[in-house]
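Engineer: Work out the full structure, taking the sequences as your base and the hints as a guide.
Protein chains: 2
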Amino acid sequence: MNSTSPINGKSYKVPAGNDKAGIESFINQNRGKKIVVVQGLGFVGAAMSLVVANSKEDYAVIGVDTATSEGYWKIASINGGELPLASSDIKLKQYFDNAKQKENIYATYDNLAYSLADVIIIDINLDVEKVLGDLNELQGYNVDLRKFKNAVCAVLNSCKEDVLVLVETTVPPGTCSKVIKPLVNEIFMERGLDVEKIKLAHSYERVMPGPNYIDSIENFYRVYSGINELSADAAESFLKTIIKTSEYPLTRLSNTNASEISKVLENSYRAMNIAFIQEWTELADAAGVDLYEVISAIRMRPTHKNIMRPGLGVGGYCLTKDPLLASWASQEMFHCRPLTQSVAAVTINDQMPLYSLKVLKERFGEGLKGTKVLFLGVSYLNDVGDTRFTPVELIYDQIKELGADVYLHDPYLSVWEEKGLPVEGELNLQSVDIVIVTVSHKQFISEEYFCYINKIKPEFILDTLGCYLSYEDKIDDKIELKIIGKGV
Amino acid sequence: MNSTSPINGKSYKVPAGNDKAGIESFINQNRGKKIVVVQGLGFVGAAMSLVVANSKEDYAVIGVDTATSEGYWKIASINGGELPLASSDIKLKQYFDNAKQKENIYATYDNLAYSLADVIIIDINLDVEKVLGDLNELQGYNVDLRKFKNAVCAVLNSCKEDVLVLVETTVPPGTCSKVIKPLVNEIFMERGLDVEKIKLAHSYERVMPGPNYIDSIENFYRVYSGINELSADAAESFLKTIIKTSEYPLTRLSNTNASEISKVLENSYRAMNIAFIQEWTELADAAGVDLYEVISAIRMRPTHKNIMRPGLGVGGYCLTKDPLLASWASQEMFHCRPLTQSVAAVTINDQMPLYSLKVLKERFGEGLKGTKVLFLGVSYLNDVGDTRFTPVELIYDQIKELGADVYLHDPYLSVWEEKGLPVEGELNLQSVDIVIVTVSHKQFISEEYFCYINKIKPEFILDTLGCYLSYEDKIDDKIELKIIGKGV
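Residue numbers (our numbering), protein chains in the order written: chain A, 129 to 616; chain B, 129 to 616.
The set of hints was computed from the structure by calculation and includes no laboratory data.
Any given hint could be a false lead.
One copy or two, it doesn't matter: identical chains are merged, so the pair holds either way.
[To be verified] Dumping the calculated DSSO-like pairs for lysine-lysine here, alpha-carbon to alpha-carbon at most 27 Å:
| no. | residue 1 | residue 2 |
| --- | --- | --- |
| 1 | Lys221 | Lys288 |
| 2 | Lys288 | Lys161 |
| 3 | Lys275 | Lys602 |
| 4 | Lys219 | Lys148 |
| 5 | Lys306 | Lys610 |
| 6 | Lys610 | Lys230 |
Structural biologist: See the structure below:
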């Protein structure tokens, strides 16, 4: 079995057996240092490992992922000197090179690492399974905790009695107190350990994998809690060593339910505010109203400053599922009602790209067949090369199905990992019929891009998010420009 | 037929016949001045009349209301030197006294006023009829435009050809272009007038009937639009004479649909954000979480600063209906889908007081019968004596039905107009079983009130909105205090 890096295409053979020798060698090199193990080397865990390895405290960091085709390339990359993340944040590479030079970072698939740790940070994924209908409408969803519980058990079966386990994964509220704590009790009983010694805490990350990737961990506000005071104190002491708390003070909440709720509440709030404006976008287009000027007028009110603007849709790992985690927990963990506003938000957001498609279909009808369509942007977020749950997928799939030739361009990507599709980093078409602007990368608002678009002479530009709002005069008069939500 | 002022109890005989003599006498006194007529002397129109009468421009103001038991007392009050509004804003009385002294304000029920006006401001109500179920859940709603159209026709049948008609009423988007403009065309045709001469504009108010009542008109941002440039220009010129636009610049929107949408969008946004937190309040109580500390933690994020806090419910004339006006217009005026987030917001908000009731019932069960219950607050808003659609009504009705003796106290009220109930302005109970805090009037957070409550020794205080959050130590330890949303 091989594991291939989507970052640089390098392939690694997934090893069998243990990694005892590798771990012991690393430990010998880092004698006297506190050992921090990060479980999960994804977008959060990999960056977190680098932040910890570069903190003022003298930590030795071991990242753990799985010996699978999905997981092993991250381990091999870190140990082989290759950053397992693509990002526009130069700090990420600096931090990685620095840790490699200090030799205080290592990655493994061997659970032996947990037995050596003073701190274990849980950064694995916890997904929501959605059931979507033909119109991408949410028909149902489920949260399966088994994989998460298995990962926690791996930790608890090996860890020291007085370890600090810090959960950063976004979990359904109630997980630390109603799922992990009972596992601690059960496993520590079996192992003959004192359950009062372990420190179990929750502190959620607010990582933004863009140009401020590292700063979104080191230089941003943090919320934390523990299952008891001992745990909360331990979490606080640790977080103070990795976060600039003089400028971004920590907030301790009274219990783990509180900080777990805090995370999904803030993301539900954002998802709902995005969903809200979508329905008004369609109304504005129908009423011949420029929703952008309406929003500017409303934002004059201090109480309404963060009202959102129209867009293609919602992507990323968090906003597409956290409101459902919350509602699931409300019902399953606390026997409360579902959180209707949060579920409605996901439902509306999941369907949002279909509106841009509808506008396109109304303009071209059957005429889309055989047209050349250029997508400006594949990423779900501006100035980032991140395609996780990108809303571009839904509109891409449907336009392909209608028979258009689609060209994907994104300056931050060379490949659309989830689709296994190449993405052009360079502008290399000679002519095109339709341009769809799907994300507001800063490059797209530049003389270079305006000149290019005027040169390839599309018949129609669909700007799904007001990217060209102040630049309409840069586009050739002969090109028809439709900005979603600008009904006039 | 008599008409009685709810402010001071004075009763006036509703006149028959016209008011030609009264109007002519007023006009003679104000020769050479521009005449501004305000249609509707409610919470907006009465205050607007005072602002216009006190503007730097030399206007003569005629307020028009109906010769009915509901309307005539406002007319008689103004002409008799009595302010037809109760408010804590001292400017209101100053403005009224000043206008009475200058003799540039008059009120009438006679449509003759419209024929003399240079500017006519429409400030009448436009209500939504709700169908509510047994649990106060929204089962349906309707908007009946007939009354509004009749009022507009009264204006158009009498007005000058080149009058500026400025609509301030919150209307379903589309009203100016699809309802009023066709009426202009029809009536001006009949009257042989030039439809191109009339100026028809929309500018929505953001009046807050509290201590900054006048400032919420004079010193706040305004949005406006016209059915054509002539109309928008005329509205701008007029608004500049009554609003301090050097500090609060006006925002012109491209068409009347836009400013009509802007008003209901901003209120829907607020209603939705209030509704959102309600579902989390119930979850927080069930999960033993202090939602207030969670909200404080989340508000550290600049993007999440305006997340709302728990409360009893939503009242007032605007937030309880504007989202429905919006959704109705989306469907009926523009053949779009309903605005689901907006309708859901009203549904959740209408039911919100039942949660506080549930907490009380869970604590007392059948034991509520015969208990003495003191309500601190009847108004829907802090530091204001305004009972329109107050959420207190639902919880009051149900507690009465359960057999409790209810005492209403509100320092801003002597009467609950809609219920015809007296409200005690003074604290005059000797003992009580339950105190329910329903609104955060500043008086309630004072030594005087804390002493009083400790003296009357309630068994239980239900704080529905976190009023006592930082003052728990002021309350006697023997009194049980439950703050809604503070689950710990």
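Engineer: Against this structure, judge whether each hint is valid.
Structural biologist: Evaluated hints:
1. Lys221 x Lys288: Classified as neither: same-chain Cα gap 32 Å, cross-chain 73 Å, threshold 27 Å.
2. Lys288 x Lys161: Close inside one copy (16 Å), not across copies (88 Å); limit 27 Å.
3. Lys275 x Lys602: For Lys275 and Lys602, the Cα distance exceeds 27 Å both inside one copy (52 Å) and across copies (49 Å).
4. Lys219 x Lys148: Neither: 31 Å inside a copy, 80 Å across copies.
5. Lys306 x Lys610: Between copies only: 25 Å across chains, 51 Å inside a chain, cut-off 27 Å.
6. Lys610 x Lys230: neither (53 Å within a copy, 55 Å between copies)
When held up to the earlier numbered hints, the structure conflicts with 1, 3, 4, 6 and fits the remainder.
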